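Using the sequences and the hints, build the whole thing.
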Amino acid sequence: MNKLKTATEMVAELRDGMTIGIGGWGPRRKPMALIREIVRSDLKDLTIVCYGGADVGMLCAAGKVKKLIFAFVSLDFIPLEPFFRKAREQGELELMEIDEGMLLLGLRAAAWGCPFIPTQVGLGTDVLKHNPDLKVVDSPYDDKEWVAMPAIKLDAALVHVDHADERGVCQISAPDHHMDDWFVRAAKKSYVSCDELVTSDHFNSPEAARQVFWERSLTTAVCHLPGGAHPTSCAPFNGIDNKHFLHYNKCAKEGGFSAYSDEFINGKTEQEYQELLGGLAAIRAIPQTTY
Amino acid sequence: MTTQYSLAELMICAASTAFDNDGEVLATGIGVIPRLAATLSMSTKNPDLMMTDSEAYLLSEPNPIGPRSDDFVQRNETWMGFSRIFDNVWSRKRHAMIGPTQIDQFGQSNISALGSDYDKPKIQMLGVRGLPGNSISHANSFFVPSHNKRVFVANECDVVCSIGYNPERLPKGYQLDEVDIRLVITDICVMDWQGPNHQLRLVSLHPGVSVDEVIEKTGFAIHVEDNTPTTAAPTDEQLAIIAKFDPHNIRAKQLKDNPPGVRAAAVTEDS
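Chains A and B, in that order, give the protein sequences. Counted from 1, the first sequence has number 53 at position 53 by the numbering used here; the numbering is strictly sequential. Heads up, the numbering used here is the position in the second sequence plus 1000, with the first residue counted as 1.
Quick caveat, the hints were computed from the structure, so don't treat them as lab data. Only a predicted model underlies this, so the values are computations on that prediction, with no experimental measurement involved. Beta carbons: idealized from backbone N, C-alpha and C, even for Gly. Some clues are possibly wrong.
If the Cβ cut is set under 8 Å, some of the chain A residues that face chain B in the computed set are [as the list claims (entries may be wrong)]:
1) TRP25
2) ARG88
3) GLY124
4) ASP126
5) HIS130
Some chain A residues well away from chain B (every beta-carbon gap over 12 Å; in silico) [claimed, not checked]:
6) GLY17
7) MET18
8) GLY52
9) PRO79
10) GLU81
11) LEU123
12) PRO150
13) ASP181
14) SER217
15) THR220
16) ASP241
17) ASN249
18) ASP262
19) THR289
20) THR290
What follows is the structure in structure tokens.
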């Protein structure tokens, strides 16, 4: 079995108006090469579901996002994502703003085929006020009411992992795999980019096998994109490129996204992008963050 | 004996008391001062506390803040990635201390967006993050580096991210007492929500601060009892522990101009 595809082929399988989940967390292990490929594409009217970082900012700035289902958008050391902020303050986005845990429950409900999962989370807050579609239900066992967190069904999930084989066995050896497994399980199709393509006997190692968080049957296609998470981190290969994010943030104030995009994305291949940064070796030399 | 200490160190010590009687819970302090506060409590009064490395591992001893030497050994206890954090949150064994942008008279807080139009906010911030879940699941405390009326707002928060003691928002079948908001540590005082009907109550004043100043800088009425004490000064032992866990003195950069813990003279700065 061979599921290898190029980033262009993967993005060509996406359609306008789709609901797309993006793995990673803030500035960590985002499938940024695939995001750049979407920025270069004609795709539009997307509903994006994620624990957001520059993926959200770039897609908003490129006019790709109709609706955002999210709990936060942040670059961590730059707390507020500049392009997301701009899009919100211009009143451009439809939102479903929910708690981080509610987002997880929505993905789990979709993964498990449940219409909803009951939770207390959101009660007493504006999460219910600003999402009038969120229903509250009575408990059949006591007198309390519960939020019925609906399934967040994804047409596609995009994630970046450190190692994968051509059958779609994917390894995340970073300290945290975040919610990537739930994004994949909640999606009809999952597109995975990987830093290193390995032969299947790589997973003979119990340690490597222990770091595989979903079954290959859930992986639709694999793309070999070394450094594909840049400027976000991908342990064990590279840390967060804070310097690049400072430049990105500065572009938001001077020149806007078109300045950033013209410099790094528009009309450029991933290889040309990396050459602007000093090549893959320079990306791999970015140290991991100490918290 | 007079030991010199900074306002940041005073706030760390005051904030650490929030965790002292928690027993075996996950203490999460977001930001340098709350994190050092949890660290201090775990190192002194409450060794049973649990903390993470702020990434994915639960620690038996807190990590120092900032760069660490190559031979540093992190005292891992178990994996505690984000999905497991939620398992912990919902099992209620946690106490989080965060710094919201707005706090209202009900103890509701906001880190999402500012302005009256939610669809087109004046200032977009982070989003609700984990506040809805934290606030209804376990104990929460607040850290406020600059006490003023923009933080302690006169009306309800622009976006209510966390459940508080607002009777009108109380979910069906719930009691207000099920909400557990603990301490509020600011640059001028310590407060809690133990006034009448869970009103914000003044607990102690930092050295050199008056009751009037606190009232003036808070956008809603607070409960003040007679003879409000002064916030306890850090002990030498506490200062040594703080220095051990913050060897690069990152705490000195948390408050503007790193003011001393004891004010030279009472200066009232209007918000």
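Which of the stated hints cannot be reconciled with the structure, identified by number in ascending sequence? Hints 8, 9, 10, 11, 13, 19, 20 contradicted; others consistent.
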